[in-house]
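Please put together the full structure from these sequences, using the hints given.
Single-letter residue listing:
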Amino acid sequence: MPAVLLVALVAAVATLPLWPFANNYIVALAVRTLLFIALGQAWNVIAGIGGMLSLGHGLFFGLGAYATGLLFNSFGLTPWLGLFPAMAIAAAAGLLVGLVTGHLRGIYFALATVVMSLAFEKLARYFVDLTGGDTGLSVTFRGDAPWAMQWRGPTAFLFLSLAVVVIYYLATRAILRSRFGLELQAVRDDEGAAAASGVNTFRTKLLGLMLSAAMTALVGTLYMQFYLNIDPSTAFGLFQAIQIQLPALIGGLGTAGGPVIGGALMILVSEAANIASGKLNLQGVDVLIYGLVLLLVVMRAPLGIIGEWHRWTSRRAGGAR
Amino acid sequence: MELVQALLSGVLVGGVYGLFAMGFSLAFGVMRIVNFAHGELVMIGMYVGFFAFSLAGIDPLLAVPVALVLVGALGAGLYRLIYRRFVGRATLQQLLVAIALALVLQTLAQILVGPDAHAVQSGWGSRFLLIGPIFLPYAELAAFAVALVCVVGIELLLGRWRWGQMIRAVADDPEIAELVGMNAQRVNIVAFALSAGLAGLAGAVLVMMYYPVSPVVGATLMPIALIATVLGGLGSIGGAFIGGILCGIVEQVTSLFWNAALQDVPLYVLLLVIMAFLPQGLFGRQSAH
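One line per chain: the protein sequences are A and B, in this order. Quick note on my numbering: the first sequence kicks off at 1 and runs consecutively. Quick note on my numbering: the second sequence kicks off at 1 and runs consecutively.
Since the hints were made in silico from the structure, they are not lab data. Predicted model only: the values in this text are computed from it and were never measured. For glycine and all other residues, C-beta sits at the position ideal for the given N, C-alpha and C. One or more of the hints may lead you astray.
What the hints assert, rightly or not - Between beta-carbon pairs, the in silico distance windows are:
1) Val-128/A x Leu-55/B: 33 to 41 Å
2) Phe-75/A x Ala-117/B: 37 to 45 Å
3) Gly-181/B x Leu-280/A: 45 to 53 Å
4) Gly-159/B x Ala-174/A: 57 to 65 Å
5) Gly-278/A x Arg-85/B: 31 to 39 Å
6) Leu-148/B x Phe-84/A: 53 to 61 Å
7) Tyr-25/A x Pro-212/B: 32 to 40 Å
8) Leu-148/B x Asp-129/A: 40 to 48 Å
And the structure:
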C-alpha cells in the first residue's frame with residue numbers, strides 16, 4: 001500500500017470521533033473491527049507467512065485475556081504491565097504447542113491445535129474458582145482509570161487498537177522482507193528445500209509460532225480491557241478458532257494488507273447481517289452469513305481479495321502464471 | 001465394581017461412538033476428506049429420531065433406517081455440491097469448507113428448531129438389566145446391538161460387495177481404478193453417502209438411548225469421531241470402531257474418577273499423544289507425518 005494512502009487511512013480512523021455522524025456505537029464498532037484485524041494480523045504471521053495453518057489461536061488469545069484479567073483482579077497489576085506476562089505466557093504456550101505438533105503437516109497440525117484449544121475450553125469451564133466458569137472472568141470496572149487501561153467511552157480504545165493494527169501492519173511488512181521472514185516463507189513453500197539450503201526449519205517454525213502467539217495475546221489483553229469480560233467459548237471455542245482465520249483468508253493469506261481488508265469487510269458483512277436479523281427477528285443469521293461467506297470464499301476465491309486481484313491483473317497484463 | 005460398571009457403560013456408549021467414527025473414517029480413508037461437519041450429520045440424524053418419536057410416536061429404533069437413508073441422501077447431495085472439489089487432498093481449504101458447513105448446519109438447526117436440548121421418553125423407559133450390582137439399560141444394550149450389526153455389515157460390504165471392492169480400489173489408487181474402467185466420482189458418491197448415512201444412523205441410535213439432542217451437539221461429537229479415527233489408525237475403518245469404544249471407556253472412567261464435565265479432556269490429551277508418538281494409530285497403515 002502506498003505510504004500516502006496508509007497515512008490518510010490512519011488519519012481517517014483516528015479522527016473518527018470528530019466526524020459528524022460519529023457516536024459511541026460507531027466508535028465501538030471501529031474498535032471491534034480493529035481488534036478483529038489485529039487478531040488476523042497475528043495469525044497471519046505464522047499461518048500466512050509460515051504456512052502453519054493453526055486452528056488453535058483462540059488458545060493464545062484466551063490466555064492473554066485471562067492472564068491480564070487475573071493479574072489485575074488478584075494482584076492489582078495494571079494491564080499496561082500485565083500485557084508482558086500475558087504475552088510471555090502465550091509465547092511459552094506457543095513453544096509447547098510447537099514442540100508437540102511442530103512436526104505435523106498441514107491439516108494434521110490444524111487438527112492438533114484445534115483440539116488443544118477445545119481442551120482449554122473444557123478446563124476453563126471446570127475451574128470455576130480461577131476462571132469464573134461458564135459466565136467467564138470479569139475485571140473490576142474502575143470508571144475512567146487510565147492506569148488500569150479503562151475508560152468509560154470507546155475513544156481511547158480506538159487509539160490503542162489503531163496503534164496495534166498499524167504496528168502489526170508495519171511489523172508484517174518488515175518480517176516479509178527480513179531474513180527470518182524469508183526463512184519462514186521458504187519453510188512454507190518447500191520445507192525439504194529450505195532445510196537443504198541451511199534453514200533450521202524446526203527453530204524457524206517455533207520462533208514464528210511464539211511471535212504469533214505473543215501478538216495474539218496482546219489483542220487478548222485489549223479485548224479484556226474493552227469488553228471487561230471473557231468466557232470460555234469466546235476465548236477457546238470453535239467459532240473463535242474460525243473467526244481468527246477470516247481476515248487473512250478473505251483479504252489475502254501471507255500479505256501485509258490482507259488481514260486489514262478482510263477484517264474490515266467481514267465486520268461490514270456481519271453488521272449488515274446483524275441489522276437484517278434484527279429486522280427479521282431471527283437469532284444467529286450473522287453466524288449463518290459468516291459460514292456462507294467463508295464457504296464461498298474458500299471455494300470461489302481461495303487466494304483472497306489481494307491474491308485474486310494480483311491473479312486478475314497479471315492475467316490482464318498477459319503475465320504467464 | 002464401580003470400575004466394571006464404568007468399563008461396561010463405556011463399551012456400550014463407545015459402540016455408538018464407533019458407529020459414527022466409522023463413517024468419518026470412511027470419508028477420510030477413501031477420499032482424504034476430513035469432514036468436520038460429520039458431527040452435524042449426526043445431529044440431523046438425532047433430530048430425525050427425535051421428531052419421528054415426538055410428532056408421530058414412532059420408536060427411535062424404527063427411525064434408524066429412515067435416518068440412514070435421509071442423511072445418506074443429504075451426504076450425497078453435499079458431496080455433489082461441495083466435497084467433490086476437494087477429493088484426494090486433505091487441505092486446509094477442505095477443512096475450512098467443512099467447518100463453514102458445520103457452522104451453517106448448526107445455525108440453520110438453531111433457527112429452525114430452536115436452541116433448546118431435548119431428550120425422548122420412549123417405551124424403552126427406565127428398564128434395565130441387573131446382573132448383580134451391574135446395571136445395564138436395555139436402550140444402551142439395543143444401541144450396542146445395532147452398532148455391532150452395522151460394523152459387521154460394513155465390513156462385509158467393503159469386503160464382499162462389488163461396490164465395496166470398488167470403494168477400496170479407489171481408495172488405494174484412484175488413477176488405476178479409473179484405468180480399469182471404474183467411475184471414481186460415482187464410487188466416491190456412494191462412499192460419502194455411506195459415511196453420512198452412518199452418521200445419521202448413529203444419531204437416531206443416540207436418541208434411542210436418551211442422548212439429549214440440541215443444535216450444538218455435533219460440536220461435542222465431532223472431536224470424538226476424529227479421536228476414534230486417529231486412535232484406530234487413519235484409513236482403518238474397523239479400527240475406528242475400536243477407537244470409538246476406547247473413547248467411550250475413557251469418558252466413563254474419567255467421569256468415575258475425576259469429573260463428568262471433564263470427560264473429554266483425557267481424550268484430547270490422548271489424541272495429541274497419539275499424533276506425537278504413534279502417528280499410524282493402533283491399526284493404521286498411513287501416518288500423519
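- Task: Determine whether the Cβ-Cβ distance between Leu-148/B and Asp-129/A falls within the hinted range of 40 to 48 Å.
- Result: holds (44 Å)
- Message: Is 53 to 61 Å respected by the C-beta to C-beta distance linking Leu-148/B and Phe-84/A?
- Response: holds (57 Å)
- Note whether the CB distance of Val-128/A and Leu-55/B lies within 33 to 41 Å or breaks it. Holds - the Cβ-Cβ distance for Val-128/A and Leu-55/B, about 39 Å, lies within 33 to 41 Å.
- Query: Honestly, do Gly-278/A and Arg-85/B meet the 31 to 39 Å range at C-beta?
  - Reply: holds (35 Å)
- Query: Taking 45 to 53 Å as the hint, is the beta-carbon distance of Gly-181/B and Leu-280/A inside that range?
  - Reply: Cβ of Gly-181/B to Cβ of Leu-280/A: about 52 Å, so the range 45 to 53 Å holds.
- Item | 37 to 45 Å as the expected CB spacing between Ala-117/B and Phe-75/A, which holds or is violated | holds (39 Å)
- Is it true that Tyr-25/A and Pro-212/B lie within 32 to 40 Å of each other by Cβ? holds (38 Å)
- Query: Is the distance from the Cβ of Gly-159/B to the Cβ of Ala-174/A consistent with 57 to 65 Å?
  - Reply: At roughly 59 Å between Cβ atoms, Ala-174/A and Gly-159/B fall inside 57 to 65 Å, so the hint holds.
Of the hints listed earlier, there is not a single one the structure fails to meet.
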